[in-house]
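Chains as they are written, first to last, in this note's numbering: chain A, 763 to 871; chain B, 5 to 662.
Watch out, some of these pointers could steer you wrong.
To be verified - In the SDA-like style, the derived pairs of lysine to any residue whose C-alpha atoms are separated by at most 20 Å in a straight line are:
#1 Lys832(A) to Thr16(B)
#2 Lys222(B) to Gln174(B)
#3 Lys832(A) to Val193(B)
#4 Lys823(A) to Ser12(B)
#5 Lys823(A) to Asp14(B)
#6 Lys11(B) to Gly858(A)
#7 Lys832(A) to Trp71(B)
#8 Lys11(B) to Pro809(A)
#9 Lys11(B) to Glu816(A)
#10 Lys575(B) to Gln556(B)
#11 Lys11(B) to Phe835(A)
#12 Lys823(A) to Gln174(B)
#13 Lys296(B) to Phe15(B)
#14 Lys823(A) to Leu432(B)
#15 Lys832(A) to Lys392(B)
#16 Lys823(A) to Arg17(B)
#17 Lys11(B) to Ala810(A)
#18 Lys529(B) to His625(B)
#19 Lys848(A) to Phe835(A)
#20 Lys832(A) to Phe15(B)
#21 Lys823(A) to Phe15(B)
#22 Lys823(A) to Ile19(B)
#23 Lys823(A) to Leu23(B)
#24 Lys852(A) to Glu797(A)
#25 Lys832(A) to Gln24(B)
#26 Lys832(A) to Asp14(B)
#27 Lys823(A) to Lys529(B)
#28 Lys11(B) to Gly825(A)
#29 Lys832(A) to Lys194(B)
#30 Lys11(B) to Leu78(B)
#31 Lys392(B) to Trp71(B)
#32 Lys529(B) to Phe624(B)
#33 Lys832(A) to Glu563(B)
#34 Lys194(B) to Glu437(B)
#35 Lys832(A) to Glu13(B)
#36 Lys11(B) to Ser821(A)
#37 Lys832(A) to Ala313(B)
Said to hold, decoys possible - Just so you have them, the derived chain B footprint on chain A, three or more residues with Cβ under 8 Å:
#38 770-778
#39 830-844
#40 847-859
For the record, the hints were derived by calculation from the structure and aren't laboratory data. No residue lacks a Cβ here, since even glycine has one placed at the ideal position from N, Cα and C.
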Amino acid sequence: MELLQGTLDLLILRTLIFGAQHGQGIARAIRETSEEELLVEHGALYPALQRLEERGWISAKWGVSSNNRKARFYTLTAAGRKQLVKETNKWERLTGAIARILGAEGEKS
Amino acid sequence: MFPHKRKSEDFTREIESHLQLETERLQEQGLSERDARFAARRSFGNVMQAEERFYESSRWLWWDHLWQDVRYGLRMLRESPGFTAIAVLTIALGIGATTAIFSIIDAALLHPLPYPHGEQLVGVEDDLPGVGAQDVGISVPEWQDLQRSGIFEYVSPIGGGDVNLTGVSQPARIRFLSVAPNYFAVLGVKPQLGRGFNPEDHTPGFTLEVLISDGLWKRAFGADPGILGKSLRLDNDLYRVIGVMPAGYHDPGRTAQDRNIEIWAASGFAGAPAPPPLRSSHFLPETIARIKAGLSITAAQSRLDALVAALQKQFPAEYPLQSGWRIRLVPLKETVVGNVRQSLLMLLGAVGLVLLIGCVSVANLLLARASAREREMAIRQALGAARKRLISQLLTEGLLLSLLGASVGLAILCCAKAFLLQILPESLPLLNEVSINWAVLLFALAATLVTGTIFGLAPALQTGRLNLIPILKRQGRGSTGSGEQTRMRRALVVTEFALSLVLMIAAGLLLRSFADLLNVRPGFKPQNVMAVRTWLPVPNDPTTDIYGTAAQEALLLHEILRRGATLPGVKEIAIGDVAAIPLGHSRKDLNPGPLILEGHETEGEQPPLVDRSVVTPEYFHLLGMTLLRGRAFSESDDDNQPRCRGNQRGLRAEALAE
Numbered sequence: 763m764e765l766l767q768g769t770l771d772l773l774i775l776r777t778l779i780f781g782a783q784h785g786q787g788i789a790r791a792i793r794e795t796s797e798e799e800l801l802v803e804h805g806a807l808y809p810a811l812q813r814l815e816e817r818g819w820i821s822a823k824w825g826v827s828s829n830n831r832k833a834r835f836y837t838l839t840a841a842g843r844k845q846l847v848k849e850t851n852k853w854e855r856l857t858g859a860i861a862r863i864l865g866a867e868g869e870k871s
Numbered sequence: 005m006f007p008h009k010r011k012s013e014d015f016t017r018e019i020e021s022h023l024q025l026e027t028e029r030l031q032e033q034g035l036s037e038r039d040a041r042f043a044a045r046r047s048f049g050n051v052m053q054a055e056e057r058f059y060e061s062s063r064w065l066w067w068d069h070l071w072q073d074v075r076y077g078l079r080m081l082r083e084s085p086g087f088t089a090i091a092v093l094t095i096a097l098g099i100g101a102t103t104a105i106f107s108i109i110d111a112a113l114l115h116p117l118p119y120p121h122g123e124q125l126v127g128v129e130d131d132l133p134g135v136g137a138q139d140v141g142i143s144v145p146e147w148q149d150l151q152r153s154g155i156f157e158y159v160s161p162i163g164g165g166d167v168n169l170t171g172v173s174q175p176a177r178i179r180f181l182s183v184a185p186n187y188f189a190v191l192g193v194k195p196q197l198g199r200g201f202n203p204e205d206h207t208p209g210f211t212l213e214v215l216i217s218d219g220l221w222k223r224a225f226g227a228d229p230g231i232l233g234k235s236l237r238l239d240n241d242l243y244r245v246i247g248v249m250p251a252g253y254h255d256p257g258r259t260a261q262d263r264n265i266e267i268w269a270a271s272g273f274a275g276a277p278a279p280p281p282l283r284s285s286h287f288l289p290e291t292i293a294r295i296k297a298g299l300s301i302t303a304a305q306s307r308l309d310a311l312v313a314a315l316q317k318q319f320p321a322e323y324p325l326q327s328g329w330r331i332r333l334v335p336l337k338e339t340v341v342g343n344v345r346q347s348l349l350m351l352l353g354a355v356g357l358v359l360l361i362g363c364v365s366v367a368n369l370l371l372a373r374a375s376a377r378e379r380e381m382a383i384r385q386a387l388g389a390a391r392k393r394l395i396s397q398l399l400t401e402g403l404l405l406s407l408l409g410a411s412v413g414l415a416i417l418c419c420a421k422a423f424l425l426q427i428l429p430e431s432l433p434l435l436n437e438v439s440i441n442w443a444v445l446l447f448a449l450a451a452t453l454v455t456g457t458i459f460g461l462a463p464a465l466q467t468g469r470l471n472l473i474p475i476l477k478r479q480g481r482g483s484t485g486s487g488e489q490t491r492m493r494r495a496l497v498v499t500e501f502a503l504s505l506v507l508m509i510a511a512g513l514l515l516r517s518f519a520d521l522l523n524v525r526p527g528f529k530p531q532n533v534m535a536v537r538t539w540l541p542v543p544n545d546p547t548t549d550i551y552g553t554a555a556q557e558a559l560l561l562h563e564i565l566r567r568g569a570t571l572p573g574v575k576e577i578a579i580g581d582v583a584a585i586p587l588g589h590s591r592k593d594l595n596p597g598p599l600i601l602e603g604h605e606t607e608g609e610q611p612p613l614v615d616r617s618v619v620t621p622e623y624f625h626l627l628g629m630t631l632l633r634g635r636a637f638s639e640s641d642d643d644n645q646p647r648c649r650g651n652q653r654g655l656r657a658e659a660l661a662e
């Protein structure tokens, strides 16, 4: 399933709430938590990460992974947290509206 | 908003680390290492594309591209030094010449008045359109009306002429200006030494104080610091020096002579030797004024028109209605540059044409080179280079060439500046220094950009239309280009030739006129003849004039003849008035008089006018003028027996016309 650009940002921010993570880890987390529904092209993740980093919502640092590999770890910033709340609200409003429309149609039929 | 720009190596490392982590994870799930690696890459997607996108996400991409193009362009120029040298020299010539002319235009036309608030300075002219007269001069009461009108800060009439300067180390004939005491207040200039005239001074005659120029101070007084208070004589009248004007100061005159005044004397124009100040005697030839601050010239002119109307009613006898008396304000800038503007602009046009020819040449050269690089361009396009990028590269190369040429041109100009300034004609109204200032540099930059764009675009336009396959298939390295290119090159050659021809014809015509001028036969022998001009002093008080009567003057002239004949190296000496120097006088020195031949009836009312001059008998022999009929003068012809002799051609023509 293809993702809109804005939703990818939302997913990344949400994933990072649980702690710092590197790019591959984020991709894995999204796949596993969505129960294999959302398969992000890993290459597409990086421009999103770059954008989020430029906007100051996440910060990055090189570190060492659990099996001793060097990787670049991303952390959510305070501004990022605020942005996550905003984006989550927007998403919920959007999906709520769509659900209502779909629900209304369902009633008719 | 960017903390640090991330290096692309950093990004590459991150991608590698990602792929490695993913490979290991898949291996843990049981895939072989090889399968795991492939799977990791597949789920990543296009690595190259990710890297490219990262690289391009930085905002300064155009700057990177620019630097790449510049480096590449410089390398190409270095590889063909012959081409580069020719192109750079051509552009240097074009841009150097154009900039040189522009710097003159900048000094002469754009900011001609180096006085504070020069736009408030005007010339005041009296017109009598009813009788067809313009700029007749103002009278002293009119001057005073203008000063009292409240339209102007200061109004100053200007008179002047040439005087004999004596009482200094070397007597000289210099140009002086007689002005109102507020003249320098009008212009807003202060002397570098001493003081100026007092603007509130209302002496009717000459104040016996003068200001001298920096040039005169250095030449005649050796830049003596004790100059103030020293006296000198102008036409035998004694004056005291009260100040020295700054170096580089020029008067806003129409001619070069009027701009290089050396002595200023202040006068109220109402005392001797001026005529009595009647309203109807318009003897003040020129007047300048400074309009009050805040008033525009048109506003001042309308207020002046109102004043003129009021004065006409008040003095109907002096201003008869049919003469239509008017006072006109002319911006001072106009009087100074008016007649030079057209020639300077034409010169700029001519030099611009030279630049254009240079551009066309270089464009041609670049086109030839572009066709040799056709293959390179085709390959790059085949590999996916955007056409815009190729065009921008060619444009950059063109601009680079043009910048190099312009720098060389400007460098030459700076070095040769002193020499070039010497060959400028004196009549240019250069009140300011001709210098290479910001305006001139900006002009040079603009010219550079335009020329660079022109010949950068020529090959670029072609690149866009390349048909890739046949070019790539061609085996040879270079070629002379497709038919379209050859046509464009031919068109350029034709244009260049046409433009050069125009310039050459114009230059040829000018040269021919000049040659004709040199070959005119003067009708006398000018070899070894020296013309010495001398002026007798005209003191302010006519009663003190020691050469006042004809008898006194005759004594002097005889003495001059006697002593002159004894000078070593002098074979013959003769005296005449100014009009006697053939071709050496101006229109106003002639003294035309009516010619009345006895026994001939004059046609119409007016006898024909002939130019006359007065000479001593040796004049004709000295100049080698041929005698057609009759005899020359001799010593015995004097006041008691007036004789007259005419220029043969003129008189014969008159006689034949009868």
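Hints, verified against the model:
A hinted pair counts as satisfied when its Cα atoms are at most 20 Å apart, and Lys832(A) with Thr16(B) qualifies at roughly 13 Å. Using a Cα cut-off of 20 Å, the hinted pair Lys222(B) and Gln174(B) holds, with the two alpha carbons roughly 12 Å apart. For the hint linking Lys832(A) to Val193(B), the alpha-carbon distance of about 78 Å lies beyond 20 Å, and the restraint is violated. A distance of roughly 15 Å separates the Cα atoms of Lys823(A) and Ser12(B); the hinted pair therefore holds under the 20 Å criterion.
Between Lys823(A) and Asp14(B), the direct Cα distance comes to roughly 11 Å. Compliance with the 20 Å bound is thereby established for this hinted pair. Restraint check: the Cα-Cα separation between Lys11(B) and Gly858(A) comes to about 42 Å, which exceeds 20 Å; the hinted pair is violated. Annotation: proposed proximity of Lys832(A) to Trp71(B) is violated, straight-line Cα distance about 34 Å (limit 20 Å). Distance check on the hinted pair: Lys11(B) and Pro809(A) sit about 14 Å apart at the alpha-carbon level, within 20 Å; holds.
For the given pair, Lys11(B) sits about 14 Å from Glu816(A) by alpha-carbon distance, which is consistent with the 20 Å threshold. At roughly 26 Å between alpha-carbon atoms, Lys575(B) and Gln556(B) are farther apart than 20 Å, so this suggested pair is violated. For the proposed pair Lys11(B) and Phe835(A), the alpha carbon gap of about 16 Å is at most 20 Å, so the pair holds. The suggested pairing of Lys823(A) with Gln174(B) is violated, with an alpha-carbon distance near 89 Å, which exceeds 20 Å.
Between Lys296(B) and Phe15(B), the direct Cα distance comes to roughly 70 Å. Violation of the 20 Å bound is thereby established for this hinted pair. Annotation: proposed proximity of Lys823(A) to Leu432(B) is violated, straight-line Cα distance about 71 Å (limit 20 Å). With a C-alpha separation of about 41 Å, the suggested pairing of Lys832(A) with Lys392(B) is violated against the 20 Å cut-off. Of the supplied pair hints, the one linking Lys823(A) and Arg17(B) holds, its CA atoms being roughly 13 Å apart against a limit of 20 Å.
Pair hint Lys11(B) plus Ala810(A) holds up; C-alpha atoms about 17 Å apart against a cutoff of 20 Å. Note on Lys529(B) and His625(B): the hinted pairing holds, with a Cα-Cα distance of about 10 Å set against a maximum of 20 Å. Of the pairs offered as hints, the one joining Lys848(A) and Phe835(A) is violated, with about 24 Å between alpha carbons and a cut-off of 20 Å exceeded. Between the alpha carbons of Lys832(A) and Phe15(B) the distance comes to roughly 13 Å, so the proposed pair stays at or under 20 Å and holds.
A distance of roughly 12 Å separates the Cα atoms of Lys823(A) and Phe15(B); the hinted pair therefore holds under the 20 Å criterion. Of the pairs offered as hints, the one joining Lys823(A) and Ile19(B) holds, with about 14 Å between alpha carbons and a cut-off of 20 Å not exceeded. A distance of roughly 18 Å separates the Cα atoms of Lys823(A) and Leu23(B); the hinted pair therefore holds under the 20 Å criterion. Distance hint between Lys852(A) and Glu797(A) is unfulfilled; the C-alpha atoms sit about 23 Å from each other, more than 20 Å.
At roughly 10 Å between alpha-carbon atoms, Lys832(A) and Gln24(B) fall within 20 Å of each other, so this suggested pair holds. For the given pair, Lys832(A) sits about 12 Å from Asp14(B) by alpha-carbon distance, which is consistent with the 20 Å threshold. About 100 Å separates the Cα atoms of Lys823(A) and Lys529(B), which puts this hinted pair outside 20 Å; it is violated. A threshold of 20 Å between alpha carbons decides the hint, and for Lys11(B) with Gly825(A) the separation of about 17 Å falls inside it, so the pair holds.
Restraint check for Lys832(A) and Lys194(B): not satisfied, since their Cα atoms lie roughly 79 Å apart, outside the 20 Å limit. Of the pairs offered as hints, the one joining Lys11(B) and Leu78(B) is violated, with about 26 Å between alpha carbons and a cut-off of 20 Å exceeded. For the hint pairing Lys392(B) with Trp71(B), the CA-to-CA distance comes to about 16 Å; that is within 20 Å, so the pair holds. Taken as a hint, the Lys529(B) and Phe624(B) pair is honoured in the structure, with Cα atoms around 10 Å apart against an allowance of 20 Å.
A hinted pair counts as satisfied when its Cα atoms are at most 20 Å apart, and Lys832(A) with Glu563(B) does not qualify at roughly 115 Å. Taking the CA atoms of Lys194(B) and Glu437(B), the gap is about 19 Å. The hint holds against a cut of 20 Å. Between Lys832(A) and Glu13(B) the CA atoms are separated by roughly 15 Å; this keeps the pair inside 20 Å, and the hint holds. Proposed proximity of Lys11(B) and Ser821(A) is supported: the alpha carbons are some 16 Å apart, at most 20 Å.
For a cut-off of 20 Å, the pair hint linking Lys832(A) to Ala313(B) is broken: about 97 Å separates their Cα positions. A stretch counts as covered by a chain when three or more of its residues have a beta carbon under 8 Å from one of that chain; for the stretch 770-778 of chain A and chain B the count is 0, and the coverage is violated. Look at the stretch 830-844 of chain A against chain B: 4 of its residues bring a Cβ nearer than 8 Å to a Cβ of that chain, three or more, so the hint holds. Judged by the Cβ-Cβ criterion of 8 Å, the stretch 847-859 of chain A is not covered by chain B as claimed, because only 0 of its residues qualify and three are needed.
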